[in-house]
Structures are given as C-alpha cells and as structure tokens.
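Student: The task is simple: from the sequences and hints, build the whole structure.
These protein sequences, in sequence, are chains E and W.
Note that our numbering has the first sequence beginning at 1, numbered continuously upward.
Note that our numbering has the second sequence beginning at 1001, numbered continuously upward.
There is no bait here: all hints are sound.
Distance windows between CB atoms, simulated:
hint: 1; chain 1: W; residue 1: S1116; chain 2: E; residue 2: A20; range: 34 to 42 angstroms
hint: 2; chain 1: E; residue 1: F280; chain 2: W; residue 2: S1002; range: 49 to 57 angstroms
hint: 3; chain 1: E; residue 1: Q428; chain 2: W; residue 2: T1087; range: 24 to 32 angstroms
hint: 4; chain 1: E; residue 1: Y234; chain 2: W; residue 2: F1109; range: 32 to 40 angstroms
Source of the hints: derived by calculation from the structure; they are not laboratory data.
These numbers come from a predicted model, not from an experiment.
Heads up, the beta-carbon is just placed ideally off N, CA and C, and yes, glycines get one too.
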Amino acid sequence: MNQRFFNTYIFWLTICLFLAIILIPNIINNAYQLRVLMLLLIYAVVALGLNLVVGLAGLVSLGQAGLLAIGAYTAAILATRFGFEFIPSMLVAMFITGIFGVILAYPTLRVKGVYLAVITIAFGIVVENIAIEWSSVTGGTTGISSIPKIALFGHSLNDTAFYYLIGTIFLIAFIAHYNIKNSRFGRSMRAATQSEIAVRSIGINPITARTLAFTLAAIFTGVAGALYAYLNSYVNPDTFRFLDSLRYLLMVILGGSGTVLGPLIGASILTYIPELFQKFGVWQYFAYGALLTLVIFIMPLGIVGTIIFWYNKFQPKRVCNSKPWPTTEPLVDALINQNKDKNNASLSIEKMTVKFGGLIANNNITEDIKSGSIHAIIGPNGAGKSTFLNCISGLYKPTGGTIFFDEKNIVGLPMHSLAKMGIARTFQNTELFSQMTVLENVLVGFHTQYKTGLIATLMRLPSFIKEEKEFHELAKALLRYVGLDEYADEEARNLPFGHQRRLEIARALAISPKILMLDEPAAGLTHSEIEDLKRFIISLSDKNITIVLVEHHVEMIMALSNTVTVLDYGIVIASGAPSQVQENPAVIEAYFGSPGVTNE
Amino acid sequence: MSSIVQYFLSGISIGAIYSLIGLGFSIMWSASRAVNFAYGDVVMLGAVLTVIFVGYGIPLIISMPIAVFVCIVYGVLIERFAVAPFTKEVTGIGWMLSTIGIGIMLESFVTISFGSFAKPLVTPLIEKPIIILGAGIYPQELLIPIFAVTFLFCLELFYQKTLIGRAIKAVAYNQMAAGLMGINVKLMTAISFGIAAALGGGIGILIAPIVQASATMGLLLGLKGFAIAIIAGITNARGVVIMGLVYGIMEKFIEGFISSSAREAIGFSVIILLLFIFPQGIFGKKEMVKV
Chain E
1 MNQRFFNTYI
11 FWLTICLFLA
21 IILIPNIINN
31 AYQLRVLMLL
41 LIYAVVALGL
51 NLVVGLAGLV
61 SLGQAGLLAI
71 GAYTAAILAT
81 RFGFEFIPSM
91 LVAMFITGIF
101 GVILAYPTLR
111 VKGVYLAVIT
121 IAFGIVVENI
131 AIEWSSVTGG
141 TTGISSIPKI
151 ALFGHSLNDT
161 AFYYLIGTIF
171 LIAFIAHYNI
181 KNSRFGRSMR
191 AATQSEIAVR
201 SIGINPITAR
211 TLAFTLAAIF
221 TGVAGALYAY
231 LNSYVNPDTF
241 RFLDSLRYLL
251 MVILGGSGTV
261 LGPLIGASIL
271 TYIPELFQKF
281 GVWQYFAYGA
291 LLTLVIFIMP
301 LGIVGTIIFW
311 YNKFQPKRVC
321 NSKPWPTTEP
331 LVDALINQNK
341 DKNNASLSIE
351 KMTVKFGGLI
361 ANNNITEDIK
371 SGSIHAIIGP
381 NGAGKSTFLN
391 CISGLYKPTG
401 GTIFFDEKNI
411 VGLPMHSLAK
421 MGIARTFQNT
431 ELFSQMTVLE
441 NVLVGFHTQY
451 KTGLIATLMR
461 LPSFIKEEKE
471 FHELAKALLR
481 YVGLDEYADE
491 EARNLPFGHQ
501 RRLEIARALA
511 ISPKILMLDE
521 PAAGLTHSEI
531 EDLKRFIISL
541 SDKNITIVLV
551 EHHVEMIMAL
561 SNTVTVLDYG
571 IVIASGAPSQ
581 VQENPAVIEA
591 YFGSPGVTNE
Chain W
1001 MSSIVQYFLS
1011 GISIGAIYSL
1021 IGLGFSIMWS
1031 ASRAVNFAYG
1041 DVVMLGAVLT
1051 VIFVGYGIPL
1061 IISMPIAVFV
1071 CIVYGVLIER
1081 FAVAPFTKEV
1091 TGIGWMLSTI
1101 GIGIMLESFV
1111 TISFGSFAKP
1121 LVTPLIEKPI
1131 IILGAGIYPQ
1141 ELLIPIFAVT
1151 FLFCLELFYQ
1161 KTLIGRAIKA
1171 VAYNQMAAGL
1181 MGINVKLMTA
1191 ISFGIAAALG
1201 GGIGILIAPI
1211 VQASATMGLL
1221 LGLKGFAIAI
1231 IAGITNARGV
1241 VIMGLVYGIM
1251 EKFIEGFISS
1261 SAREAIGFSV
1271 IILLLFIFPQ
1281 GIFGKKEMVK
1291 V
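Tutor: In structure tokens, the structure reads:
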C-alpha cells in the first residue's frame, strides 16, 4: 500500500466516524442507549492507548484499570473537593496518569513479557487496594459520589452535549493514535518488538520507544478516566479490578492489535456483549472466559487483523526482481559520504580484554583501524572475532582496556549511543524487523535524523509531512542503491536470504555511518552475490566509510582489505597488509597446524 | 514477644503456601518458558474437589489422590492445548491469555456447580492449636512449611538423580539440543506441567482446612505466587522457596504493625520495587545475548 492510498483511506475513515458520531444519537434517541454509547467511546480511548503498548511496542499491560482508576479518582477528587471544572481536572488527570505511565514503563528497561505483566498486575492491585483502604481521600468501598454535572467554561452540558464532547475527544485520540502509529515513533516501537538488538544498532534506545508507548497509553487512559468519572457522577473501586484490566486487553486483541480500527471494534463488542451475556445468567462470567479463549485460539490477529490477513492473501502476487547493484544514487552519496581523512586512526583499541567467567575471549588486543580503510578480522572458529566486533560496537563491555573513537573513550557506552556517533554494524544471523516492510526497515534507520518532534507528529503538522516525505525518498534511493527497490512493500521476512543481507546493510547505511562493521557478510551467499558484495564494499570505501570486515571468505578478504588482523585464542597473532599476513608462519600454523604435531 | 513469635510462625505458614505455588510456576517455566497463568485455579480445583469428595462420604485418604489425579489431567491438558501452541511467540500474550481464559471458565464453572461460598475441609490437624512461646498455631499450618521444604528437597533429588529429571533439566537449558539428543521434549514439558499440577492440587488440599475451599480462593494466591517466583528469579527453586517464606513473614508483620488492610498495597509495592532493583530476580541470573 503506498502512502497516498493510506492517506485517503484514513481520511475517509475519519470522515465516516465523524458522521457516525454525529448521526447516531438522532437514530437511537434514548437516554440509556446514549449512555452506553458514551461508555463505549470512553473504553475505545482506553483501548486506543493500550494498542500502542500491545500492538506496537509488543508489551502486555494487565494494569490498565489501575491507570483508569487514577484518572477517574483524580478528576473526582478535584471536582468534589476543589471545585475544578472538567477541562482542568482532565489535564491534571492526564498529567498524573502520564507520570504513572513513565514509572510503569521504567522496568521495561530490562524486563519484558511476563515480568512486565506481573508488574502491571501488581500495580493494578495496589491501586485498587489503596482506593479501598485510603477512605479519607477515596471514600473507601463506597467511593466518591455526587460529582457535579460536567461543565465547560461555566456552562453546564446536557447529555447530548456531553456525548459530543466525548465524541470529539475520541476522534482526537483516534487521529493521534493513527499519527503515532504511522510515524517514526510507531515504527521504532514496532521495530523494538521485533529485534531489540537491531534497533540499538541503528541508534534507537528501545527503552525510549517503550516508555513513550506506555506514557501515551497512560495519558489516553487518564482522559478516559476523567470522562468516566463525570459520566457516572461517582467512582468506586468495583470498576477498576484485575478483570477490568483484562477486559481492556481483550478489547485490543479481539479488535486486532496493532490495527487502526481494531481498538474501536473491540471496545464496541465488549461494551455491548455484557448486555447480550445477561441472558446467560449465572453463565455470564463463563461466557466471558470462553470468548477470551476462543479469540486467542481462532483469531489471534483479531477481527481487523484477520480481515487484513485474508485481504492480503487474495491480492495478486506481484513478482519482484532484484536489480543489478550497487547503482549510483546522488541522494545516497549525499547521505553516506564521509569526510576524507585517511591516515588517521578511526578506531583505536588499546589493551582490550574480554573475559567470560574463566574464559578469555579477547586478550590484550591493541589495534588501530585506519579511517577510510577496509580492515579485515579473520581467525579460526572461536578465535574471538565476534566478541571483538561486539565490543567495539558496544554490545559487550570489555573487561579491561580502552577503545578510542573520535578521540573519545567509548568503553561502556551502550550500542545505541555508539550508533548515534556513527558506528553501524550488521549481524552474523541477519537481524531484520522481519514483519515490517523492506521500506520501513530502512526508514527505522533514519529515526535519529528526524527533526520534527512528538507534538508535530501527533498533530501531523506540515513540517512533519515534509520531513516524512523526504526520508521516504531517501529510503527508496537507498533501496535502489542495493537493487531492492521493487521489494519496498514486501515484508522483510519474505525476502530471499541474500537480499536480507543487502537490506541489513542498507539499513545500517541509513544512519550515515563513519564506520560500518560487517559480520560475515558473505556467509551463505552465492558466488555471483559475493562478486556484487565485493563491488559494493569497494563503492562504500570510495565514499570514505571505514569498513571492518569479519569474514571467513579468504579470497574476498585478500582482494579487498587494506589491513588484515588475525586472531587466534583471543590474541592478535598477526596484523598487516594481506600479502604479509598470508606468509606469516604463525597464521599458517593457526590455520593448518604446525608440521610434525598431530591434532588430537 | 509472643506476638512477634506469632507473626513469625503464621508468616512461615502462609509464606510456605506462596513458596509452593511459586515452585509450581518455576517447574512449568523451566520446562517451557511459559506457565499456566491461572495456576491458582489448579490449587482451587484440588481443594474444592477434595471437599466435594469428602462431602460424598469418600474417606479423605482416597479423596486426596483422586483430586490430585484430576488436577494432573487438567494441568497436562492445559499444557498441550493452551500453552504449547503459543510458546513460539515473543510477547507471550498468547499463552497468558489462553490460560487466563480457561482459568476464568473453570472458576465460574466451579462457582455455579459448587456454590459461591467457602466450605472448610475438616481434618484432625486443626482441632487444637499448639502453643509455642506463647504463640498458638495449628498443626495443619505447621505442616505446610514442612511439606514445602520436603518437596523442594525431593524436587532437587528428582532433577539430579532420575533420568526423567535430568531430561527435564536438559530441556530447560536448551530445548533444541535436548531434542537432538533424543529427549522427547513434548513429553518432558507435559510431565513438568503434570508435576506442577499435582503440586497445585496438593497445595489446595493442604490449605483447604485453613483458608477454606471456594471458587475464588486461587486467584490472588496464584498472582502472589507468580510474583514471588518472578522476584526470586523463577528458575531458581531454592530462591523461590526462600522468597515465599520471607514474603509471608513480611505480610504478617505488616498486618501486625501497620494494618491488615494495607497488606496487599504494601506487599505488591514491595514486589514492584524489588523488580525495579533486580530485574532478573534476586536469585536469578542475567541471560546473555548472543549474536
């Protein structure tokens, strides 16, 4: 799907929702039904927020009811005790839930999955418990009642006006949700789910992406909480239980997590279903569990996700062809060209040692990697090549020694900081964002170069649209450079292996690296692909990018490299021009064994 | 003084329940990197079934193994149908929600057929409390920590000395390598869930005389047990048991010195705080990333 189609599709969808929100009250014309509709839209706002966490950032929150409670209680207390009007109390509620969102997101620093689920469940229980027990503030089990009728700027609103207010807020949330999803922020959240290590390698801190998702979700929930308090005119702990948190999660999953319309559809079904389930009498609760189980088994993609899945399945398959590469692309040249300053050491490693327990993987390595050179690292299996690469790219922290890059000691800096400084890398087993398109994979690489901030993105300001378009052009140019432009809309996991390698390099180039580290780029490639790769590496070197090459393919190394460093048992046994290294007796011994000594 | 001893004794008793539930989670997690999230319902099933059977006039000694057997069947079925299909997912949302969904169904089914009220299981061990340093405790309550430590000991022996135990351990370290060595990974995972379910049923029977059997008894116990296993470092069985005991004692002291209503709020806040500080769990090891 190209960008223009998407724009019209979301435009018409928003228009339809807008008309529906305006027209529906005229059709139902019944106070009770109107209330249910208002509740539905409030739940939809919660679900839209949660979709950022679940659908984009791939995290589970089972504590959303706790956040809703905080929003609702904040608004209720401000309204009853301090006489706040709706808008100021909503803003305070947003602020406070936002802070809790940041706090809840903090553990995603290192924990994910079930660990996070436990934290969010615990959070929900703590909030519920405090709401019950801190009765001087929260009113205990009876809660806070007699919240005044909602008013805006001194004018009290009747039910219909309140409904339109909720409708407006829902539409704003809907558009903001879409804008986040289809921006660099949404892309970085999705990318962080699919490969944490790869987002770090292109300068994105996955924690930032997750914190943003959590915080935005919390703010959405805070707004919903304030509306909820005013709609019911009372709050009590009964509606903010673990099972309510579960229901919000189910809304997202049932509707289709990660989709634009899913949260609204999920919220609609789960708002109307309890009314339907009342027929089941005592079996109501059972039916709820059965629904949850059925959705997970039959429709894990949710309603919208399943529809999209089948729609795509019946689309005629486009045959994509890879084109000759590398091509000449002025846009790419402008992006990746580095200043020419040969002779200087780009990376200077001194006495670097890495120990894993008793095992010394890298022992006292001192090595200069010259700026603009192609520097190969070779050695038998287990020699410590990958460890070396992981250290100088910031994935591992060396046990001792220093690494200087741009006259700064980079030991201890995380990988994403190094990537921002201009150190890019690829991985031995390619780490792509497999469920994102080829174009999106490259776009994620541009993340740190965007200048428009969150507010501009949320509001889709012209500055955002312009910049997004520029980077789309640049991404396409990069894809042409590696001959993959026809694959732009294909999911990365569907690419043949050799193409995945190329895409990974294109993504690494997107950060405009000073140093590019390639971890066995030729492994698994066909003979002709290796020839292309060689020409490609030379073309990168011509642009003054320093290349660090870990490779087994000796012929390629000898043809390309300016310097070859040979590692064995974690020690540098030789380093120099390829021809010198080839004749070095220590190297010959490491590879073939010494004469007269039989191998065990 | 006697109240301190009282908190301590009751704390060890309630803590041992958490330890055992945490152990159940640990057994499941080690085998498949996934758990029956609604494990608390297995505990409930064991307790409720025993109460029902005893109600039919079946002697306790026969009721217990039948109840445990049903729990095992339930646990294995959960593993096969609700956990195994989803273990490949990165996010874990699949097995979390499928097991929660089935748990809700079981819970409401029990509420409908058994009733929404709590029924005690009468055993001779709760007739008369023992007095220790002025603090009173029922023999049944003392039985739980003894059972917990014994079970831990047997579990470790099982993992170390028996063929199946070693195979399960191999599966825990590396499923693929274990499979290549001819270990039936699916069977070992099913056995682990079976053991966990048997333990769950056993816990239910052990605590039914004290906390009374009801459809909802498992929910909070399960959540707490899981949270405790996580903060201890879920693969470390000893750590889980220690953490459970410490948490139980802490709860009783909160009840005694602050108020019983603050118990969950403070307890769960401590859990969140500990996870902030020790993201891998207190006794857990950080898993190394390899590329």
